[in-house]
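Q: Sequence:
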Amino acid sequence: MFEQAYTELELIDRHMLVLKFVVERGPIGILKLSDETGMQAHKVRYSLRILEQNGLIKPSQQGAVAGDSVASFLQAVEERYGSIRKLVDDIENTEKSIKN
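Read in the UniProt record's numbering, the sequence shown has 76 at position 76, and its numbers run on one by one without any break.
Check each hint, because a few of them may be wrong.
In silico DMTMM-like cross-links for lysine to aspartate or glutamate, where the CA-CA straight-line distance does not exceed 20 angstroms [to be verified]:
#1 Lys58 / Glu10
#2 Lys20 / Glu10
#3 Lys20 / Glu3
#4 Lys86 / Glu8
#5 Lys32 / Asp13
Here are the computed distance ranges between Cβ atoms for each label pair [what the hints assert, rightly or not]:
#6 Val70 / Asn100: 37 to 47 angstroms
#7 Leu74 / Asn100: 37 to 47 angstroms
#8 Ser60 / Asn100: 52 to 62 angstroms
#9 Val65 / Leu11: 17 to 27 angstroms
Calculated directly from the structure, the hints in this document are not laboratory data. Since the model is a prediction, treat every value here as computed from it, not as a measurement. Even glycine gets a Cβ: it sits at the ideal position worked out from N, Cα and C.
Please model the complete structure; the sequences and the hints are all you need to start from.
A: Structure follows, in C-alpha cells:
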C-alpha cells in the first residue's frame, strides 16, 4: 500500500539531489553528475530531463545550468513539505488509534 508513495518520494529525492548539484556546481554534465552523486548515468539523464521539462534547469554547451524558476519552485516545495508532514502525521495518528 505504501510502496508507490515511497517510490515516488525516492524519485523526488533523486531529482532534488541532481537539482542541488546543478545549482551549486553548474554548468555540469551527466558524467560528472553521475560521478559526484554516485547515481547511474541513465538515472541522472532521466532526472535532468524531468527538471528541464519543469523549467528548473537549462542545457548549455558546458552542461546543465539552473533555470529561471528554481527560487519559486523551492518556495513551493517548502510549502508542500508542511502539507506532506501533516498528512504523514495524520496517517500515523490513525494507525496508533487503530492499535488502541
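Q: Confirm or reject each hint.
A: Hint by hint, here is what the structure shows:
1. Lys58 / Glu10: violated, 23 angstroms
2. Lys20 / Glu10: Answer holds: Lys20 to Glu10 is near 15 angstroms, not above 20 angstroms.
3. Lys20 / Glu3: violated, 26 angstroms
4. Lys86 / Glu8: With Cα atoms ~18 angstroms apart, Lys86 and Glu8 stay inside 20 angstroms; holds.
5. Lys32 / Asp13: Distance of about 19 angstroms is within 20 angstroms: holds.
6. Val70 / Asn100: 37 to 47 angstroms: For Val70 and Asn100 the Cβ distance comes to about 45 angstroms; the hint holds.
7. Leu74 / Asn100: 37 to 47 angstroms: This hint holds: roughly 39 angstroms between Cβ atoms.
8. Ser60 / Asn100: 52 to 62 angstroms: The hint (52 to 62 angstroms, Cβ to Cβ) holds, given that Ser60 and Asn100 are roughly 57 angstroms apart.
9. Val65 / Leu11: 17 to 27 angstroms: Between Val65 and Leu11, where Cβ atoms are some 22 angstroms apart, the hint holds.
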